[in-house]
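Could you put together the complete structure from these sequences and hints?
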Amino acid sequence: MAIAVVYLHANACFWTFSQSRYWFTANIIESVFYFAVPIFFMISGAMLIDFNEKYDLKEYFSKRFFKTVLPYLIWSFIGLALQIYILNKIKITDINLIYILNGLITGRLVGVYWFFIPLFCTYLAIPLFALVPEDKRRNIFIYLCSLAFVLNILIPFIISVFNIKIQWSLSLAVSSGFLFYTLAGYLLHKYEIRKSYRIIIYLLSILGLMMHIAGTYELSMVAGEVIKTYKGYVNLPSTLYSIGVFVFIK
309 MAIAVVYLHA NACFWTFSQS RYWFTANIIE SVFYFAVPIF FMISGAMLID FNEKYDLKEY
369 FSKRFFKTVL PYLIWSFIGL ALQIYILNKI KITDINLIYI LNGLITGRLV GVYWFFIPLF
429 CTYLAIPLFA LVPEDKRRNI FIYLCSLAFV LNILIPFIIS VFNIKIQWSL SLAVSSGFLF
489 YTLAGYLLHK YEIRKSYRII IYLLSILGLM MHIAGTYELS MVAGEVIKTY KGYVNLPSTL
549 YSIGVFVFIK
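Taking the numbering used here, I'd label the letters of the sequence shown as residues 309 to 558.
Note that these hints are calculated values from the structure, not bench results. Bear in mind that the values here come from a model prediction, so they are computed numbers and not experimental data. Note that CB positions come from ideal geometry on N, CA and C, so glycine has one too. It is possible that some hints are incorrect.
[Claimed, not checked] Below, a list of computed lysine-lysine pairs in the BS3-like style, where the Cα atoms sit at most 27 angstroms apart:
# : residue 1 : residue 2
1 : K444      : K366
2 : K558      : K503
3 : K558      : K498
4 : K473      : K362
5 : K558      : K444
[To be verified] With beta-carbon atoms standing in for the labels, derived distance ranges:
#  : residue 1 : residue 2 : range
6  : W323      : C429      : 23 to 29 angstroms
7  : Y330      : E361      : 45 to 51 angstroms
8  : S479      : Y407      : 40 to 46 angstroms
9  : T333      : L436      : 24 to 30 angstroms
10 : E442      : V530      : 49 to 55 angstroms
11 : E442      : I386      : 37 to 43 angstroms
12 : C321      : K399      : 35 to 41 angstroms
13 : N447      : M529      : 43 to 49 angstroms
Pasting the structure below:
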């Protein structure tokens, strides 16, 4: 997963659209390694929802703070200093308290740190999921993931791809966004999956990857810019593909 993140960041040329051959390759690299972010949230769910079997709530938050929040703060300020004094991307006269607070809250003080904000929100939600009795988690989590998949992922994707003039506002907030991956990761890690189901998951995973690559390429070539219809970590192509990768690794 760490290697996938490196590939994504080193492949930033993807976001500068070109009809040159390099962009065709960049699109493939971007799509193939796109699983990195969703799988990180799936691993978080798999490893942390059972935290109360190992330690109490106070220790849970203490570990999250020292392992993620504190490094985020330290490296955000280091990154800000680099942008001011080495890269000359930011003028020191533009820096004030509001600028810093906005940057930390949005994760944009250092652009690639956006990821930490949904991660922190996930950490805040996990203790609620952990309160669900273990003997009821399977059914409840399947229910939450199934509804979120249909309402939050599948239907909005269909509406977007086929340009259907519907204002879709039905969604399941409790397992929306990256929380879907958190719960899915726990389910896929905790419970065995029949071989027939695994085969279906792998086929859907390949379909998701192909949609991501081909859909992005075709739409972008027509528009002359990067079109994000098939992109997005909580979009159908990424969801199908990332789940398949997670199951394969498991």
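Comparing the hints with the structure gives:
1. K444 with K366: Holds. K444 to K366 sits at ~25 angstroms (cutoff 27 angstroms).
2. K558 with K503: 13 angstroms, holds
3. K558 with K498: 10 angstroms, holds
4. K473 with K362: 50 angstroms, violated
5. K558 with K444: 23 angstroms, holds
6. W323 with C429: 23 to 29 angstroms: Holds, at about 25 angstroms.
7. Y330 with E361: 45 to 51 angstroms: At 49 angstroms between Cβs, range holds.
8. S479 with Y407: 40 to 46 angstroms: Given a distance of about 33 angstroms, which is not inside 40 to 46 angstroms, the answer is violated.
9. T333 with L436: 24 to 30 angstroms: 43 angstroms, violated
10. E442 with V530: 49 to 55 angstroms: Holds, at about 50 angstroms.
11. E442 with I386: 37 to 43 angstroms: 41 angstroms, holds
12. C321 with K399: 35 to 41 angstroms: 27 angstroms, violated
13. N447 with M529: 43 to 49 angstroms: 45 angstroms Cβ-Cβ, so the 43 to 49 angstroms window holds.
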